[in-house]
Amino acid sequence: MVRFSGVTKRYGDLTVLDNLDLDVAPQEKVAIIGPSGSGKTTVLRMLMTLERIDDGVIYVDGRPLTHMESNGGLVRANEKYLRSVRGDIGMVFQHFNLFPHMTVLRNCTEAPINVLGLPKAQAEERAVELLELVGLGDKLGEYPQRLSGGQKQRVAIARALAMRPKVMLFDEVTSALDPELVGEVLNAIRMLGKQFQLTMLMVTHQMGFAKEFADRVCFFYEGKIHEEGPPEQIFNAPERERTQQFLSAVLEAG
Amino acid sequence: MPLKSIVVTAIIAFAAGLVFASFAGYELFIPGLLEGTWITIKITLGGALLAVVAAFIAALAKMYGPAPIRWLATCYIEVFRGTSALVQLFWLFFVLPQLGVTLSPMMSAILALGLNIGAYGAEVVRGGINGVSRDQWEATIALNMSRPLALRRIILPQAFIAMIPPWGNLFIELLKSTSLVSLITISDLTFRAQQMNQATFRTLEIFTLVLLIYLGISLLITFGMRALERIATGGIVRGRAS
Amino acid sequence: MFWDWEYAFEVLPVLAGASIITIQATVLGFILALVLGLIFAIMRMSRNRAISGATTAVVEFIRSTPLLIQIFFIYFVLPEFGIVLDAFLAGTLALGIHYATYCSEVYRAGIEAIPRGQWEAATALNLSPTTTFRDIIIPQAIPPVVPALGNYLVALFKETPLLSAIAVLELMQTAKILGSQNFRYIEPITLVGGFFLIFSLIASAANRYAERRLSTIGKR
Ligand SMILES: Nc1ncnc2c1ncn2[C@@H]1O[C@H](COP(=O)(O)OP(=O)(O)O)[C@@H](O)[C@H]1O
Ligand SMILES: [Mg+2]
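Protein chains in written order, with full-length UniProt numbering: chain A, 1 to 254; chain B, 1 to 242; chain C, 1 to 220.
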């Protein structure tokens with residue numbers, strides 16, 4: 001479903017992603033863990049086309065994401081092409097990035113109406129459905145400012161889902177939340193994992209959740225996948241030293 | 001200025017105006033000054049409308065236009081900010097006719113003052129748009145919105161709120177600059193004051209009264225913009241991305 | 001041919017002479033604005049509510065009303081009280097007072113940006129309010145606001161043509177006279193515009209430079 005092939009990203013002299021290869025099967029749930037600054041966020045941002053790619057190609061559903069075919073070769077994609085591929089991808093941000101001037105409902109209908117061209121009634125019906133699913137059926141007319149962090153993040157999830165993506169990206173979606181609000185957001189993610197046929201990539205520090213929810217865990221270190229495998233293997237019997245160090249440090253912290 | 005001091009100033013201004021008007025033989029001045037006030041208000045409104053339109057076009061052209069349009073917008077902004085309002089007014093009034101284009105004084109006035117304030121407004125618009133956080137742009141990309149759509153529906157509405165107070169200041173600058181039109185034969189409030197001063201020599205009363213009228217209109221603008229800000233924020237403290 | 005070079009070169013020296021008056025008015029007016037502005041700012045921060053309230057009212061009044069009327073006021077009204085100023089002085093005085101109100105806002109922002117700790121330290125050292133202001137607060141408050149003051153210098157400069165309304169022979173008035181004498185306004189007025197444009201662009205560039213310098217100093 002998603003394939004990174006030799007993807008490299010640099011900021012000046014700093015190589016953030018180093019010749020990365022990663023293959024994600026349809027409906028696979030991949031958890032990305034690793035120390036701060038190892039390039040986890042960058043992976044998701046590249047896939048969401050928020051960052052330019054320096055080298056390599058990303059494929060989504062077999063189509064190159066950042067490049068398009070022209071005269072038999074691959075050239076850098078233009079805006080129109082980018083928009084046609086990135087419709088398959090949705091993203092939930094660490095800091096929610098809700099639209100503060102719109103109600104919860106309009107946050108979730110704005111793009112479906114204006115990008116997908118859905119009729120308003122249909123877009124609203126679907127948005128209400130999704131908001132009820134994440135437990136916010138009673139907050140439709142509220143403005144984001146009036147919601148708790150956990151509620152905001154659930155709105156953000158509903159908003160992304162309303163675009164009917166095939167791939168969902170989650171970047172530390174619980175990191176900005178008070179501890180007691182983490183559970184409600186994780187529950188929402190669990191639930192949509194069951195209800196929808198989504199491919200998911202999630203950067204997370206919630207190891208328990210990663211263990212229970214993910215099909216595969218990738219441990220990032222210095223812009224590379226240092227170790228990967230099924231959660232049981234990574235968490236119970238990590239092979240490499242860095243992975244062991246990281247996991248014991250995280251477990252110690254609580 | 002806090003709301004309280006606006007109210008206090010308004011009351012003092014009003015009282016002072018009444019006192020002056022009563023012992024100055026107001027029936028002599030009031031009708032002429034009111035006619036002048038009406039013209040001042042008309043030019044202010046016309047100029048404000050033009051300024052807002054010019055500012056948005058120039059700012060968007062400068063930020064998102066192709067190179068030649070960007071260049072043109074920059075030229076407009078720099079020329080109108082760099083030369084003085086009176087020079088612009090005189091240029092339209094004295095020079096343009098000699099180049100074969102004759103505008104009515106009223107047209108020259110609205111055009112010169114509107115474009116002048118619009119050039120400053122363009123920077124306000126640009127600042128407002130740049131003030132919306134990057135996160136909001138990223139959210140629109142994640143929702144696959146086109147840039148024009150994102151700008152129109154997500155970025156500008158948020159930028160708009162932040163722009164209201166600086167626009168209030170610009171409208172007051174515009175009101176103040178309308179007094180310049182008296183120098184191109186338009187009988188605005190300032191022109192009337194001059195005219196009556198020459199006829200009656202009641203200099204102190206006339207100019208004090210006129211200053212108070214300008215103050216009154218300024219305060220109206222301040223109130224209006226405050227109200228607009230309250231409406232735009234819908235009573236909720238927003239503007240911060242969440 | 002719209003533009004007559006010969007005529008332009010003929011009026012240029014006259015305009016150059018008049019620009020001296022423009023520059024004099026700018027410099028004198030701005031010095032007045034700087035000094036009076038600081039006084040306004042300090043009076044506005046007075047603990048005496050009557051003084052601070054009255055200063056606020058006066059400052060807001062001057063800022064909300066047209067400079068042109070204020071010029072007329074000083075030029076035509078003061079003589080009624082026995083104060084007769086020539087047109088140049090009256091105009092420059094009005095410019096200075098008008099822009100003092102803008103400068104006072106700038107100073108106020110600068111003073112308010114000084115951390116509370118500085119005031120508390122001065123109190124702890126038992127410095128008098130005057131010494132605190134003069135030696136501790138003002139020296140710290142002013143450097144960061146120099147670019148903002150610079151902007152108002154440019155703004156004041158661009159309003160000097162208003163002095164033409166009371167027949168001060170600065171640039172604009174001179175250009176108008178030249179225009180009416182020769183029945184040709186194109187060159188003189190355009191040249192005046194060019195003069196203001198060039199000076200404003202130079203001044204803004206200098207101001208941006210000062211701003212950059214200040215921000216790098218701040219980081220050290
Ligand atoms: N816009 C940027 N400019 C320069 N460096 C950046 C930028 N964004 C991220 N980086 C750097 O790239 C590295 C990887 O960042 P990131 O992917 O956010 O790490 P993670 O999410 O794993 O903590 C970090 O060292 C970070 O400082
Ligand atoms: Mg990160």
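FYI, nobody ran anything at the bench for these hints, they're computed from the structure.
By construction, the Cβ of each residue, glycine as well, lies at the ideal position given by its N, Cα and C atoms.
A hint or two may mislead.
Now the in silico label distances, taken between C-beta atoms and shown as ranges [claimed, not checked]: (1) B/Thr185 with C/Pro139: 45 to 53 angstroms; (2) B/Arg147 with A/Leu140: 25 to 33 angstroms; (3) C/Gly117 with A/Gly137: 30 to 38 angstroms; (4) C/Arg116 with B/Glu78: 54 to 62 angstroms.
Each hint, compared with the structure:
Evaluation of the 45 to 53 angstroms hint for B/Thr185 and C/Pro139 yields a pass: the beta carbon distance comes to about 51 angstroms. For the pair B/Arg147 and A/Leu140, the beta carbons lie near 28 angstroms from each other, so the given range of 25 to 33 angstroms is met. Checked against the hint of 30 to 38 angstroms, the pair C/Gly117 and A/Gly137 fails, with Cβ atoms roughly 50 angstroms apart. For C/Arg116 and B/Glu78, the hinted distance range of 54 to 62 angstroms is not satisfied, since their beta carbons lie about 41 angstroms from each other.
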